[in-house]
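K.L.:
Using the sequences provided together with the hints, build the complete structure.
The listed protein sequences derive, respectively, from chains A and B. Counting from 13, one number per residue, gives the positions in the first sequence under this note's numbering. Counting from 13, one number per residue, gives the positions in the second sequence under this note's numbering.
In case anyone wonders, no lab produced these hints; they're calculated from the structure. Be aware that a few hints might be false.
Where chains are identical, the list cannot tell them apart; a pair therefore holds if satisfied intra-copy or between any two copies.
[Unchecked claim] In silico DSS-like links for lysine-lysine, alpha-carbon gap of 25 Å or less: (1) Lys434 / Lys619; (2) Lys110 / Lys354; (3) Lys344 / Lys110; (4) Lys558 / Lys183; (5) Lys47 / Lys590; (6) Lys619 / Lys49; (7) Lys49 / Lys33.
There are 2 protein chains.
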Amino acid sequence: MHDMFNAKSVAVIGASETKGKIGYDIMKSLLNYYKGKIVPINPKGGKIHGIPAYASIKEHGLVDLAVITIPAHLIPATVEECGETGIKNIVVISAGFKEIDEEGAKLENQLVEICKNYGIKLVGPNCLGIMNTYNDMNASFSSDIAHKGKISFMTQSGAIMAAILDYADKKNIGFSRIVSLGNKAVINENHCMKDFMEDENTEVITAYLEGIVDGPGFIRASRRASRKKPVLVIKSGRTSKGSEAVSSHTGTIAGSDSAYEAAFSQCGIIRVNSLDEMMDYSSALAFSPLPKGNRIAIITNAGGPAIMTTDVAIKNGLEIAQLTCETREKLKEGLPDTASVKNPVDVLGDASPERYAFALETVLEDPNVDGVIYLVTPQSVTDAEGIADVAIEHAERSEKPILCSFFGGTSFEGAEKLLALKQIPNYLYPKRAVKSMKKLYDYSIIKDQEYPKSPEFDVDKVAVKNIIEEAKEKGMHTLGLESFDILKAYGIPTVGTAITKTLEETVKAAEEIGYPLVMKIVSPQISHKSDVGGIKLNLKNRGEVKVAYEDMMENIPKKEPNAHLEGVQLQKMLSGGKEVIIGMVQDPTFGPMLMFGLGGIYVEVLKDVKFQIAPVNETEAKDMVAGIKTHELLEGTRGDKPKDIDSIVDIILRISQLVTDFPEINEFEINPLMVFDEGDGALAVDMRLMLKEGGFDNLLQPSGEAMSLRSSN
Amino acid sequence: MHDMFNAKSVAVIGASETKGKIGYDIMKSLLNYYKGKIVPINPKGGKIHGIPAYASIKEHGLVDLAVITIPAHLIPATVEECGETGIKNIVVISAGFKEIDEEGAKLENQLVEICKNYGIKLVGPNCLGIMNTYNDMNASFSSDIAHKGKISFMTQSGAIMAAILDYADKKNIGFSRIVSLGNKAVINENHCMKDFMEDENTEVITAYLEGIVDGPGFIRASRRASRKKPVLVIKSGRTSKGSEAVSSHTGTIAGSDSAYEAAFSQCGIIRVNSLDEMMDYSSALAFSPLPKGNRIAIITNAGGPAIMTTDVAIKNGLEIAQLTCETREKLKEGLPDTASVKNPVDVLGDASPERYAFALETVLEDPNVDGVIYLVTPQSVTDAEGIADVAIEHAERSEKPILCSFFGGTSFEGAEKLLALKQIPNYLYPKRAVKSMKKLYDYSIIKDQEYPKSPEFDVDKVAVKNIIEEAKEKGMHTLGLESFDILKAYGIPTVGTAITKTLEETVKAAEEIGYPLVMKIVSPQISHKSDVGGIKLNLKNRGEVKVAYEDMMENIPKKEPNAHLEGVQLQKMLSGGKEVIIGMVQDPTFGPMLMFGLGGIYVEVLKDVKFQIAPVNETEAKDMVAGIKTHELLEGTRGDKPKDIDSIVDIILRISQLVTDFPEINEFEINPLMVFDEGDGALAVDMRLMLKEGGFDNLLQPSGEAMSLRSSN
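P.N.:
Listed below in structure tokens is the structure:
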């Protein structure tokens, strides 16, 4: 989008001299600041704002950028004309497309097609326009251009663009590029992300998004961008999954926000929840060096606010730096007796600018200090401007971040202006300075983040393909543990299991699996197996297996005469393991999303799970295990031995590969996966795999057999 | 403190004409606004700021209030003199008391004694002073008096008083009374709470506190106050329990902040974490009617901000009101076609004041709407002042709260001023309007809160007294399940248990308790009983008990030749119950604090517990059970039957009474309490009770016997 933002000539198609028309506003916006060539296009011709108008873009010929404000139904033909003229950059301000109705959606599709044919980059339709302050170009509704600055902003809401510009004007916050995304027919957040990343005037990338067009593309673009510049995103609009049928725990727990949460953290995006946070963090990130660690010093002229600041800092994961003996000695020498030379450093209510300067210099030199919160309250003798000058002078040359909180009102107006003018981050409330410092620290880690590739295991993809094909042919789309071969093909260990139909088969299978065993009746009509004697535990030998089988076949029909007994399921009895769940659901934006949690109440009641978008790499798989609140339970607690976390990680990675290889898998879950002590591995005990619908039976009525196998208690 | 705030004459002891002296500042502060009589006191006499000075307070005689600014060591004599003169209200500004050293603490104690003798109310020492805007009285350091308003504020930090006044001046926020509490030698937060509650000009009580002098008194005062007026408190300063020895789970988990958290919620205090929240919520609470419910309507001229507002509202526990058909019909008729008549009501970017007025009136009339968020963004045609006027007009007569968010900057300055002038709550960011609305709703519930008395059970207090006395005599201070009689005396059911020393005793006890039984070896030297065969489960009859006993006595000495076997412990084996913990620790501020949680990992790993300060009433006991995150597990989930919650509540109430009756109990815990299905009750299986130290053996070395009984595995 370099050419679009750096256009040397702009045509306004639909330019107008009539106040109230969009074509009037856009012309005014451009005329106010733009130094390039402005070409008004209007079929009536004549002069517009004193500039000769052309009847059509063809009549004029090539420009670097065309801004279109004419009614929607005329736009496809006009864009076509632009294409024929060789124009590559277009902004469509006009509304009346897919945001309105079916008819509008059709018009929008036409635009997309035309743009494809001519290789046109089109912003909008239905947007407020774009700005590049470094080209003095305001091709937008907003009459004033933003101040020059280091923040670039893309927004899916025009009103938020207007509000932020108005607010930024008051606070002297500057921008580099601004894009109102509108309907995102052609240009979307991924293009802007790339552009802002490449723009040398942009230091911080910010975005207000209500949705994302291309999830995987977004992850790729953001990973690249976030290593070069901080990326702050507000994602609003919680959508509920609504009536969509889900039949796994994973599906029940995963909301659409889980996917955004996971994706953002996987690609180094700093998610913010409100515009005030976005502005606070942006100004720190745009103008401060990054701290080398999370140890902060607080300099203050009053105790109370320093205590509050300390509380907030600890709560937000920062550390209160332990000052070295040298620092404390030096402070003791240079400060009055009653000053506090422990961190927070209290320079007392009567502190002069010189005393602040001495304290600031001294703590900045301390190797234990990674950043400074510079706290000032209005006391009767406080020389606020002088103290602000000290902050400015040091902030401009320090390699450690200094964030100010001039915590007052009327008497600090002068100091605030001084700081704003020099773009030194200053926050009314100390809390906001602390939270901004935390983001500086967070970004210092994100910046160096590596995104290694996911491992590729040597698996039997063909075997899985065959199982899935076969299921499709049969019209099944829910597979249970009878399809354990899928796991085996991907190298995931499974517990010995068999479904058998006769006594002979059963005894033979039992010998193969080994003892002790559990036997469960298989019958679609029986949901509470234990009530009818349909579960036999701890079968220790061939004889016990035989007795159990015969007992079931004889006695269950007496209790459930209408039940059709299909056979029995044998499974090796396990002991000493811990149950975990690994699952996957398809997210409409980001594709396959993995879930990890401990089994039973941890998932069902506590909802203590961790999501990640697949494919995951080893670090991410480890993060999934470490990311649940109850991970201590796997690491050995209360005398328990640590469990085999390496096996869990390995299986997560294999499942990641499986669901990535087979996008037709709609939901997937191993529940439970039994994890044994460290070094002893893990075994899948049950699984559930749902294929995407497409001529298959309805999701809500899974095949009887798989269903009955799961409903054991 | 009525007389202090409404003083008609004020003496300044230490009044001065020398700039830089405190006695100078205080004189200036008073002279600027105060209409009562000002009496400067200075041994040099003469005139101060044109007013004749007296050499001593005695020379002048009675005044309503004396403000003292002379050096600390002279103050006790001066306060004595004030007492003799009949002065009842004093503010000591001077520092140099317990905040400095031992010597200062002694001086402060002298002050306290003198005040007691004369019945003097003394604010400070070491404070900034007091203000009452409705008496035009500024008896403080701060040169400017606050604007008249409805908020009263007490603060333990003078700097925060200065900062808030400065901020409030800029934002046109008014106050009624302000107190800088200083060292709280005599007057503390409880006196101020009562005074603010009674002050007819105060609508909202706010406080910044770093500690509380008298916890139980604070709870009483706050319960009374919070039913009349909202009470907002910032409690800062996290203190760690440090090295204090604790030996129960309750003690390990309870931090000092748990007690504040519990106490505040038990007495209707709205806890806030920062000054910006305090200011935001105060202005809503001071000027808006309370909503009848949590269903809000959002009126907006832009979609994006409305979506964000909706997100925040839902996240904060508000509901987006479902507008009635009539409302939607009416809106449809009166608004343009493309407007959204579903909540959020989008009146579109070109909305005029009239259109806002129509939408506001219409939604206010809707019975499904409890309050309105009035959202405005700057669009090219927005008449911000006109739209603000609409809000003002309606807010002034509506019975439903209307909170504004004029979300912009430069172009909203005029509108902001209009709203501030009329004291209509307005927030830059919609998020803050929403959070303030939530506090209005919270307070609508707190206001009607009942605080019924705790029940008084018919218990055998004497029996417990005797057990405790006996333990003290023996020098024991840790009691285990050998002291189950304490529970029995308070009507708490316990599992059948006995400690026996011979085979004969053991068999007899077994017959009494009933089968099945568990037998455990009792020996202070054996910590892992099961390793040496010191635990026998499921003993079903007299014969099995005999065999088990003989086996232990014969074989354990072979494995642990140095262990002294004191006997065995028998306990009825329980099945089907759920383990919970009920505990208590003494909090230094609030006294006995109860804890409830589910047993095992829920407490140890998840720290999922709920605290309340004792004594608790029935509602609070129920809240403890309902207040843990995993309470579902008690209510019946995954096919489990609901557990007997009534029994838990009953036992919590009985323990509340026990620990209140015996303040010498330092820590207490029933762990586990086995809770059975609804109607089947609960049984204490083990307990641990620690008496306060005072000549007893050290907490870290509990008596061997009790210790060994607990360390079974």
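K.L.:
Return the numbers of the hints above that this structure violates; sort them in rising order.
P.N.:
Hints 1, 4, 5, 6 are the ones this structure does not satisfy, whereas the remaining hints hold.
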